[in-house]
Amino acid sequence: MSIFEYNGSALVAMVGKNCFAIASDRRLGVQLQTIATDFQRISKIHDRLFLGLSGLATDAQTLYQRLVFRHKLYQLREERDMKPETFANLVSAILYEKRFGPYFCQPVIAGLGDENKPFICTMDSIGAKELAKDFVVAGTASESLYGACESMFKDDMEPEELFETVSQALLSSVDRDCLSGWGGHVYVVTPTEVKERILKGRMD
Amino acid sequence: MECVFGLVGHDFAVVAADTSAVHSILVHKSNEDKIMILDSHKLIAASGESGDRVQFTEYIQKNVALYQFRNGIPLTTAAAANFTRGELATALRKNPYFVNILLAGYDKETGPSLYYIDYIATLHKVDKGAFGYGSYFSLAMMDRHYHSGMTVEEAIDLVDKCIMEIRSRLVVAPPNFVIKIVDKDGAREYAWRESVKDAAVASA
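Keeping their order, the protein sequence lines are chains X and B.
The first sequence maps to residues 0 to 203 in numbering that gives the first Met the number 0.
The second sequence maps to residues 0 to 203 in numbering that gives the first Met the number 0.
Think of the hints as simulated: they come from the structure by calculation, not from any bench.
Any given hint could be a false lead.
What follows is a list of derived Cβ distance ranges for each label pair [unchecked claim]: (1) His27(B) x Arg201(X): 43 to 53 Å; (2) Lys93(B) x Val67(X): 20 to 30 Å; (3) Gln39(X) x Ile72(B): 27 to 37 Å; (4) Gln39(X) x Leu25(B): 42 to 52 Å; (5) Glu163(X) x Val26(B): 54 to 64 Å; (6) His9(B) x Glu78(X): 41 to 51 Å; (7) Lys93(B) x Tyr73(X): 48 to 58 Å; (8) Arg175(X) x Ser167(B): 34 to 44 Å.
In silico DSS-like pairs for lysine-lysine, Cα to Cα no more than 27 Å straight-line [said to hold, decoys possible]: (9) Lys16(X) x Lys97(X); (10) Lys43(X) x Lys61(B); (11) Lys183(B) x Lys61(B); (12) Lys124(B) x Lys71(X); (13) Lys116(X) x Lys128(X); (14) Lys160(B) x Lys183(B); (15) Lys82(X) x Lys153(X); (16) Lys107(B) x Lys183(B); (17) Lys71(X) x Lys128(X); (18) Lys82(X) x Lys128(X); (19) Lys199(X) x Lys160(B); (20) Lys93(B) x Lys97(X); (21) Lys199(X) x Lys43(X); (22) Lys28(B) x Lys61(B); (23) Lys124(B) x Lys194(X); (24) Lys82(X) x Lys116(X); (25) Lys199(X) x Lys127(B); (26) Lys43(X) x Lys16(X).
Owing to the predicted nature of the structure, the values given are computational and were not obtained by experimental measurement.
All C-beta atoms in this analysis are idealised placements derived from N, C-alpha and C, irrespective of residue type, glycine included.
Start from the sequences and build out the full structure, keeping to the hints where you can.
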């Protein structure tokens, strides 16, 4: 079994009309055994920037702590929040630092940039960025997620429709993956508010 | 194989661990206490490589005491758990400790809590947790009978059910267990469950 599949995870981020959604599953496992069904994979960096980390949970926790540290330092020096594009570059640089002993994580970054333009990207465990205009996926259920998102995605969805699309894509994909699931966590972010919702799917 | 498990009750947390010290096919002793009293209101139940287990838990215990000496107030359970995870994570890519930990504690402001920290430094706050081959039986038993806000009697009854299940269904089941509890009055030993007593040493 690959080290990326040790804990199990599923992450997806999707772009809508002046908004974005980022969603994850809730399972924390140790190979075949489920340890917890309320594990948080998505963290807020600031009000308009969210980071999801799939892969090995311990590295996700370490990486999250390092990134929050760097962002807080940036806030002190620049007296403003980081733009999503800048943050993506920071994550990429931090991952490549460990090129020959990497963090076993695949991050998904989603944020609202200048003029409330939504920004999403993912990268591999050594920081190779993958920008997308529509959706990005990561985790053990990524192949299913690619298929589900490709078929369900439409351009310029309003927040409510985006929420439905992301939720259906996530739940149907994790149902085909034994290492992820046990519900879902969806954040829909518009310029004015952040809506956090918990999904109940097949609890297995 | 070592069995450690624990759960959170209404205003207390209880952990149980087997007490056999085994090397290959030989049982060195069957009254080895694997639950360390970290400070007045914290317990650390550890399983894994025996040298690492003793060294690492003593290191954590002394550092927790140092914090109290330096700052005049004790660490919260969450802070102690995060410190422990930090030490495991730092050592992970240099000289890893093969120790799995269940950290139970009681704080006046937040009540009882239980933290699951595995040997690769994955940290998660849980209501019930377990390590080892015994976890397959104790987690299932706890999933069935656990509910939030259990009384001490109900919790000890559930712990006993788990011990009975381990004894009857695990082929290399450890014979003896120790149960420790932490509540507002502090961390203390609650009971032993022995089915094999060490023979008394004959006087010279």
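Verification of the supplied hints:
1. His27(B) x Arg201(X): 43 to 53 Å: Since the Cβ atoms of His27(B) and Arg201(X) sit about 46 Å apart, the hinted range of 43 to 53 Å holds.
2. Lys93(B) x Val67(X): 20 to 30 Å: holds, 23 Å
3. Gln39(X) x Ile72(B): 27 to 37 Å: At roughly 28 Å between Cβ atoms, Ile72(B) and Gln39(X) fall inside 27 to 37 Å, so the hint holds.
4. Gln39(X) x Leu25(B): 42 to 52 Å: For Gln39(X) and Leu25(B) the Cβ distance comes to about 44 Å; the hint holds.
5. Glu163(X) x Val26(B): 54 to 64 Å: Cβ of Glu163(X) to Cβ of Val26(B): about 58 Å, so the range 54 to 64 Å holds.
6. His9(B) x Glu78(X): 41 to 51 Å: Taking Cβ atoms as reference, His9(B) and Glu78(X) lie about 47 Å apart, which means the hint holds.
7. Lys93(B) x Tyr73(X): 48 to 58 Å: violated, 29 Å
8. Arg175(X) x Ser167(B): 34 to 44 Å: For Ser167(B) against Arg175(X), whose Cβ atoms are near 36 Å apart, the range 34 to 44 Å holds.
9. Lys16(X) x Lys97(X): At roughly 36 Å apart (the allowed maximum being 27 Å), Lys97(X) and Lys16(X) break the hint.
10. Lys43(X) x Lys61(B): Distance of about 34 Å is beyond 27 Å: violated.
11. Lys183(B) x Lys61(B): At roughly 22 Å apart (the allowed maximum being 27 Å), Lys61(B) and Lys183(B) satisfy the hint.
12. Lys124(B) x Lys71(X): holds, 25 Å
13. Lys116(X) x Lys128(X): holds, 19 Å
14. Lys160(B) x Lys183(B): Given that 27 Å is the threshold and the Cα spacing comes to 25 Å, the pair holds.
15. Lys82(X) x Lys153(X): This hinted pair holds, its Cα atoms lying about 26 Å apart.
16. Lys107(B) x Lys183(B): Satisfied, since the Cα-Cα distance of roughly 7 Å is no more than 27 Å.
17. Lys71(X) x Lys128(X): holds, 23 Å
18. Lys82(X) x Lys128(X): holds, 16 Å
19. Lys199(X) x Lys160(B): Violated - the C-alpha atoms of Lys160(B) and Lys199(X) are around 30 Å apart, more than 27 Å.
20. Lys93(B) x Lys97(X): holds, 14 Å
21. Lys199(X) x Lys43(X): OK: Lys199(X) and Lys43(X) at ~22 Å, within 27 Å.
22. Lys28(B) x Lys61(B): At roughly 26 Å apart (the allowed maximum being 27 Å), Lys61(B) and Lys28(B) satisfy the hint.
23. Lys124(B) x Lys194(X): holds, 24 Å
24. Lys82(X) x Lys116(X): Since the Cα atoms of Lys82(X) and Lys116(X) sit roughly 11 Å apart, the hinted pair holds (cutoff 27 Å).
25. Lys199(X) x Lys127(B): holds, 21 Å
26. Lys43(X) x Lys16(X): holds, 21 Å
Hint compliance for this structure: hints 7, 9, 10, 19 are not met, and every other hint is.
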